[in-house]
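Q: Numbering (the UniProt record's numbering), first residue to last: 1 to 434.
I should point out that these hints are in silico values taken from the structure, not numbers from a laboratory. If you're wondering where the values come from, they're calculated on a predicted model, not measured in any experiment. All C-beta atoms in this analysis are idealised placements derived from N, C-alpha and C, irrespective of residue type, glycine included. Hints should not be assumed to be uniformly reliable.
[As the list claims (entries may be wrong)] Per label pair, the in silico range of CB-to-CB distance: (1) Phe47 - Met161: 54 to 60 Å; (2) Thr186 - Asn232: 44 to 50 Å; (3) Gln263 - Asp226: 19 to 25 Å; (4) Thr186 - Gly322: 22 to 28 Å; (5) Lys275 - Gln350: 18 to 24 Å; (6) Asn191 - Val166: 15 to 21 Å; (7) Trp102 - Ile5: 43 to 49 Å; (8) Gly322 - Leu160: 21 to 27 Å; (9) Gly129 - Ile351: 55 to 61 Å; (10) Thr227 - Thr59: 57 to 63 Å; (11) Thr227 - Lys53: 41 to 47 Å; (12) Thr227 - Leu12: 32 to 38 Å.
[Stated by the list, open to error] Taking lysine to any residue and the SDA-like style, the derived pairs with C-alpha atoms no more than 20 Å apart in a straight line are: (13) Lys180 - Gln326; (14) Lys184 - Val217; (15) Lys6 - Lys30; (16) Lys180 - Tyr197; (17) Lys73 - Leu147; (18) Lys184 - Asp163; (19) Lys275 - Ser250; (20) Lys6 - Ile429; (21) Lys180 - Leu328; (22) Lys400 - Ile415; (23) Lys400 - Trp94; (24) Lys30 - Glu95; (25) Lys55 - Arg35; (26) Lys6 - Leu367; (27) Lys139 - Met172; (28) Lys180 - Gly190; (29) Lys30 - Pro100; (30) Lys400 - Ile411; (31) Lys184 - Tyr134; (32) Lys180 - Glu168.
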Amino acid sequence: MVVLIKILQVILALSILIIIHEAGHFFFAKLFRIRVEKFYLFFDVKFALFRFKPKNSDTEYGIGWLPLGGYCKISGMIDESMDMESMKKPPQPWEFRSKPAWQRLLVMAGGVLFNFIFAILLYIGIMAGWGESYISNEKNSIYVNDLAYEMGFRTGDRILMLDDYVPERFEMLQADMIRKTTGKATVLRGNDTLDIYIDRNMVGEMLNTPGMFGLAVPFVVDTVPDTSPNRNSGLTRGDRIISIEGQPTSYLQDSRELLKSYQGQTVTASVLRDKDTMEVALQVDTTGLLGIYTQIPGIENRKYSVLEAIPAGLRLTFSTIGGYIQDLKLVFTPSTEAYKSVGSFISMGQIFPASWDWYRFVNILALLSIMLGVMNLLPIPALDGGHIVFTIYEMVTGKKPSDRFLEGAQIIGMILLFGLMMLAFGNDIGRLVR
1 MVVLIKILQV ILALSILIII HEAGHFFFAK LFRIRVEKFY LFFDVKFALF RFKPKNSDTE
61 YGIGWLPLGG YCKISGMIDE SMDMESMKKP PQPWEFRSKP AWQRLLVMAG GVLFNFIFAI
121 LLYIGIMAGW GESYISNEKN SIYVNDLAYE MGFRTGDRIL MLDDYVPERF EMLQADMIRK
181 TTGKATVLRG NDTLDIYIDR NMVGEMLNTP GMFGLAVPFV VDTVPDTSPN RNSGLTRGDR
241 IISIEGQPTS YLQDSRELLK SYQGQTVTAS VLRDKDTMEV ALQVDTTGLL GIYTQIPGIE
301 NRKYSVLEAI PAGLRLTFST IGGYIQDLKL VFTPSTEAYK SVGSFISMGQ IFPASWDWYR
361 FVNILALLSI MLGVMNLLPI PALDGGHIVF TIYEMVTGKK PSDRFLEGAQ IIGMILLFGL
421 MMLAFGNDIG RLVR
C-alpha cells in the first residue's frame, strides 16, 4: 500500500509539472499566433493512450504511454520529434521559424517561466495556509553519525558558523555546508569554541551520507499519554531522564538501543526534576519504547497573512532556486563526485511521504517545479536552455544558426540527456543493491 501511495504521488506530481511546463510554451505560441500541432502528457511513441482534436482546432491533445516527460509540438521548430520533412518546405507565416527572435525566445522560455510562477504561487499558498515551521540552529546541538565523527564533529557540538555564514535553520546544516563548499566550521563544545577544518574532497561522501547532523534531543518529558505503560509512573512535563540502569542518556537517541535490550521489562531511570534527582521505575513495552512524548527544542513557527505571504513566498522561491543552482554546480564538478547523488524517478518516489499529506505534497511539488525549471535552463541543445542560447546568439550577432546545425545540436543534446538518464537510473539501482 505504501509503494502504491508513493507511485500515485509521483505520477500526479509529474503530470501536473509537465502540463504546467508545456502550457508555458503553448501560451506564448498561441499569443504570437504560432501553430501548435500537438500537446501531450507523456510521450506517444508509436501510439497514444488517449487523444482528441477539438473541432476547428489545429492542436491535437493527448496522453502518451511513456512517462518520461511530455511535449508541445510547435510548427516550424526543430525539437525532440525530429520532424525534418516539414522543415524542408517553405516557411509559413504561422510557423515558429517565421517569427522574430524575441518572440521565439519567449516561446522557448515560457515553460521555465511557468514552472517558476507555479512554484511562487505554491509557496505563497503554503505560507498563507500553513505558515512556516523550522528548527532553529541558535540553541540546538548536533547528534553525529560516523562520517561527521570522522570529520571531527562530536555529539553535543553546536555549530556557530560555516566559514563566515551563520546558519539559521538546523535542518539545513548539512546542505549549507555542502552547497557553500565550507572550509571551516566553528563549533561550541562545552564552554570552548573551536574550528573544524573540512576537506572539500569529502563533498561526494557528504552528499551520499544523509543524516550527518541529527538533532541532539534532550530526554525531556513533554507528555505521558493515557495509553502509555508509564501513565502512572509519576513523570511530569519537564522531567529529564539522565540515565537508565546506570547508563547515561544525555540525549533521546542514547536510549534507543539501550531500551531495546530491556523489551517487556521494568528499568530504573534517574530523573532530574528542577534541581533534584530521583529514581523512577519505568516499564519498557515489547517494542523497546517507554510510550513517552519528548519535547523538541527550538521549533520556530511563523504565521503570515495573505499579503505577508506574497513576499515570504517570493523569498523562499528565489532562495530555493539559488540552492538548487549550487547543487548543480557540484554535480558538474567531477572532483566532488556529486554526480553519484543524481537520481531518477526511484529517488523521487523516496522523498514522498508514505501516507497522503497535502502539506508535504505541495512543498515537494513546489521544489520539483523549481528543479524542472532550472534543469531546463541548462544550455543543452535538447533542452529549452539550448534553444534559448541559440536564439540569444542570433539576437546578438544577427546570424541565425542553420537548420542543419540545429538538427545536429538536437541529436547531440538528446544523446547527452539519455546518458544523464542512464546515470540517474544506475545510481538508483546501485543504491538499492547496496
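Q: Each hint: holds or not?
A: Here is what the structure says about each hint:
| no. | hint | in the structure |
| --- | --- | --- |
| 1 | Phe47 - Met161: 54 to 60 Å | holds, 58 Å |
| 2 | Thr186 - Asn232: 44 to 50 Å | holds, 47 Å |
| 3 | Gln263 - Asp226: 19 to 25 Å | holds, 22 Å |
| 4 | Thr186 - Gly322: 22 to 28 Å | holds, 23 Å |
| 5 | Lys275 - Gln350: 18 to 24 Å | violated, 46 Å |
| 6 | Asn191 - Val166: 15 to 21 Å | holds, 20 Å |
| 7 | Trp102 - Ile5: 43 to 49 Å | holds, 45 Å |
| 8 | Gly322 - Leu160: 21 to 27 Å | holds, 23 Å |
| 9 | Gly129 - Ile351: 55 to 61 Å | violated, 21 Å |
| 10 | Thr227 - Thr59: 57 to 63 Å | holds, 58 Å |
| 11 | Thr227 - Lys53: 41 to 47 Å | violated, 59 Å |
| 12 | Thr227 - Leu12: 32 to 38 Å | holds, 35 Å |
| 13 | Lys180 - Gln326 | holds, 8 Å |
| 14 | Lys184 - Val217 | violated, 25 Å |
| 15 | Lys6 - Lys30 | violated, 36 Å |
| 16 | Lys180 - Tyr197 | holds, 14 Å |
| 17 | Lys73 - Leu147 | violated, 48 Å |
| 18 | Lys184 - Asp163 | holds, 5 Å |
| 19 | Lys275 - Ser250 | holds, 16 Å |
| 20 | Lys6 - Ile429 | holds, 18 Å |
| 21 | Lys180 - Leu328 | holds, 12 Å |
| 22 | Lys400 - Ile415 | violated, 24 Å |
| 23 | Lys400 - Trp94 | holds, 19 Å |
| 24 | Lys30 - Glu95 | holds, 11 Å |
| 25 | Lys55 - Arg35 | holds, 15 Å |
| 26 | Lys6 - Leu367 | holds, 17 Å |
| 27 | Lys139 - Met172 | holds, 15 Å |
| 28 | Lys180 - Gly190 | violated, 26 Å |
| 29 | Lys30 - Pro100 | holds, 15 Å |
| 30 | Lys400 - Ile411 | holds, 19 Å |
| 31 | Lys184 - Tyr134 | violated, 25 Å |
| 32 | Lys180 - Glu168 | holds, 14 Å |
Hint compliance for this structure: hints 5, 9, 11, 14, 15, 17, 22, 28, 31 are broken, all remaining hints hold.
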